[in-house]
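Asker: Read off the chains here:
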Amino acid sequence: MRVVNHPILGDLSPARMVKIHVDGKEIYAREGEPIAAAIAAAGITIHRYTAKRDEPRGVFCGIGQCTDCVMVVNGVPNVRTCITSVAEGMTVETQHGAGRGER
Amino acid sequence: MRKVDLSIVGAGPAGLAAAIKGAKRGCNTVALDMNPRPGGQLIKQIHKFFGSREHHAGTRGTEIADTLLHEAESSGVEVMIGAEVYAIHDNTLEIAQMFGGDSPPSLSGGATTSQSRPLSIEARQIVLATGGAENALNFPGWTLPGVMGAGAAQTMSNVWRVLPGERILMVGAGNVGLIVSYQLLQAGAEIVAVIEAAPRTGGYGVHAAKIRRAGVPILTSHTVVRASGKSRVEQAVIAKVDASWRTVPESEEKLDVDTICIAVGLRPNARLASLAGCKFDYSPSLGGWVPIHNSRMHTTVPGIYLAGDLSGVEEASTALEEGRLAGICAASSLGKGRVGDSKEIEAIEERLLSLRSGPFCQRLQDAKQKLIEIGEAQCPKE
Amino acid sequence: MSQRVNSRGYLSQQELHSAPGYPSHERLEKGPVVAIECIEEIPCNPCEQACPQHAIIIGKPITNLPHLDEDKCIGCGLCIPQCPGQAIFLIDLPYLQGAASVAFPYEYLPLPKEGQKVRAVNRAGEPVCSGTVIKVQNPKRNKQTPVVTVAVPRKYATEVRGILRSRR
Chain A
21 MRVVNHPILG DLSPARMVKI HVDGKEIYAR EGEPIAAAIA AAGITIHRYT AKRDEPRGVF
81 CGIGQCTDCV MVVNGVPNVR TCITSVAEGM TVETQHGAGR GER
Chain B
80 MRKVDLSIVG AGPAGLAAAI KGAKRGCNTV ALDMNPRPGG QLIKQIHKFF GSREHHAGTR
140 GTEIADTLLH EAESSGVEVM IGAEVYAIHD NTLEIAQMFG GDSPPSLSGG ATTSQSRPLS
200 IEARQIVLAT GGAENALNFP GWTLPGVMGA GAAQTMSNVW RVLPGERILM VGAGNVGLIV
260 SYQLLQAGAE IVAVIEAAPR TGGYGVHAAK IRRAGVPILT SHTVVRASGK SRVEQAVIAK
320 VDASWRTVPE SEEKLDVDTI CIAVGLRPNA RLASLAGCKF DYSPSLGGWV PIHNSRMHTT
380 VPGIYLAGDL SGVEEASTAL EEGRLAGICA ASSLGKGRVG DSKEIEAIEE RLLSLRSGPF
440 CQRLQDAKQK LIEIGEAQCP KE
Chain C
3 MSQRVNSRGY LSQQELHSAP GYPSHERLEK GPVVAIECIE EIPCNPCEQA CPQHAIIIGK
63 PITNLPHLDE DKCIGCGLCI PQCPGQAIFL IDLPYLQGAA SVAFPYEYLP LPKEGQKVRA
123 VNRAGEPVCS GTVIKVQNPK RNKQTPVVTV AVPRKYATEV RGILRSRR
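Protein sequences appear in the order of chains A, B and C. Add 20 to a position in the first sequence, counting from 1, and you land on the number used in my numbering. Add 79 to a position in the second sequence, counting from 1, and you land on the number used in my numbering. Add 2 to a position in the third sequence, counting from 1, and you land on the number used in my numbering.
Isolated chain A, as found in the complex:
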């Protein structure tokens, strides 16, 4: 959920929207924001599933230190979505394990 009005930050300023594809679904993201922000705003909290037990994982540290938020971006696995900005036409996929199709 976007915080549209904020007592200190003010109203959310208009932004150029870019279209990204998340697991095949079209999502509009605000230009320049991290991928994790766009998908969180779209109500998505699962970024990947673990290799051994297939358990869901999402954002944990939010600043690129823990790697819990990694997804497959433009075909590249293990991309930290909390510090990587969106781009027009980007594909983002839920990662399974290490993301190279070993399972």
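None of these hints come from the bench; they were simulated from the model. Some hints could be false.
Unchecked claim - In silico contact screen, one side only, chain A against chain C (beta carbon under 10 Å); selected entries: (1) Pro-27; (2) Ile-28; (3) Gly-30; (4) Ser-33; (5) His-41.
The structure presented is a predicted model; accordingly, all values stated were derived computationally and were not measured. Even for Gly, the Cβ is constructed at its ideal location relative to N, Cα and C.
Please build the complex by placing chains B and C on the supplied structure of chain A, with the hints as guidance.
Answerer: Using the frame of chain A, we list chains B and C on its own:
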């Protein structure tokens, strides 16, 4: 290979303050930050700072970040974002420039780039200002989406402008737990409870008072037992802890929450310092393993200085002062010191002393003193 | 074990009355005056610099608790938005026959409107009485800390420190 006089790792308050001092003394200075935006943790601090006027009291962290960045840029500092330093050897920094969308020129360009681009920079002097990292708390269910660091919730809410959740349990009532709870309320979330394992809150009474009068319960001597949910947090179980820190099973209480924020302290973010060969000391009051440094902010590795939370977890104000100190000393060791530097250093040290005064800071002051004493013996003088 | 501010999260009556920033009952009876509910030695002094009457004294070191010179305080409330801890309140006990007014910092949305009926809360966030919003001030100099003044029954003036927030 790119060669510079001074390279700063981390463009938060400590790093920017060091960069500004270096650049103003004529050092060719580059500040590197792995994040998409510089300013460190300041960019999320939407509350008014404490302290004195010279420490920006009454100003929100976000404004301090803007002021610092502006000063850095006008002093001629090159700030590179999306630039992650992953190794340091022989005064060379190995950097991965991360890819990402429509990014400014200093980043790798365009969505078609699939790998991060490597970059090496040789720096005559280095200042490490990599900040602090949040500690984690392990309990059954802690890996569920929706369990995150309090800092992550703050980033989501104040930087990304996205609510991390609607019904939040905050674990930890130090300043981070109390302040982030308040900020999540401001963003429109409900804080179901703030719990603290100790019998007393650790943060300032005024921060606790703000959220209490907003109707948020603060439960001391409580901890989180487990979190459950199918694909994200749906419920948390909390319980009282006894004098031996053991949970009291009969006191278990279920809370209907979708988010659990962990605010159980910070530690120096010292992985790079360790890779660079710095020697460490263990100091609980400073957050854990801290790189040894002397009064000139010099580590045990020649040519490497440090500043800010990396040198011991404190505040933005001390980070600024330590950054200034490290920047002046690094410039001086390059032969670019100025007349009046020793007076300026004296003034900085006085301000650091005053920032570390008072009952909240006594243990910290003692710990810093002890660390510096070790540093005086082990670190290079210049 | 004595209930102190840091096990409960707000000040007890005893801690309040011994705070050097809290006004005496005699002064409260005379008219508008601030109550500085700050009892921890934190290095901090924007309140001292905010008061044009120099009625708030901290001095050096800046960890000193703020001392209120209640005779100098004219109850202008300029200090309220300057306190980073939001610990300053303005109380006007003799505001109206039977009603007092309490002003407090309020950094939430929606901001209440003048004339609005509200549920006033105490330091524990518990609603204790009904009130009416008589003033909402948010000038630029407050730096985004609006100050809300509510009229409440006189006997609740020393308890009321906020209002129930409405759903956004």
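Asker: If a hint holds in the structure, say so; if it does not, say that too.
Answerer: Verification of the hints:
no.	hint	verdict
1	Pro-27	5 Å, holds
2	Ile-28	5 Å, holds
3	Gly-30	9 Å, holds
4	Ser-33	16 Å, violated
5	His-41	32 Å, violated
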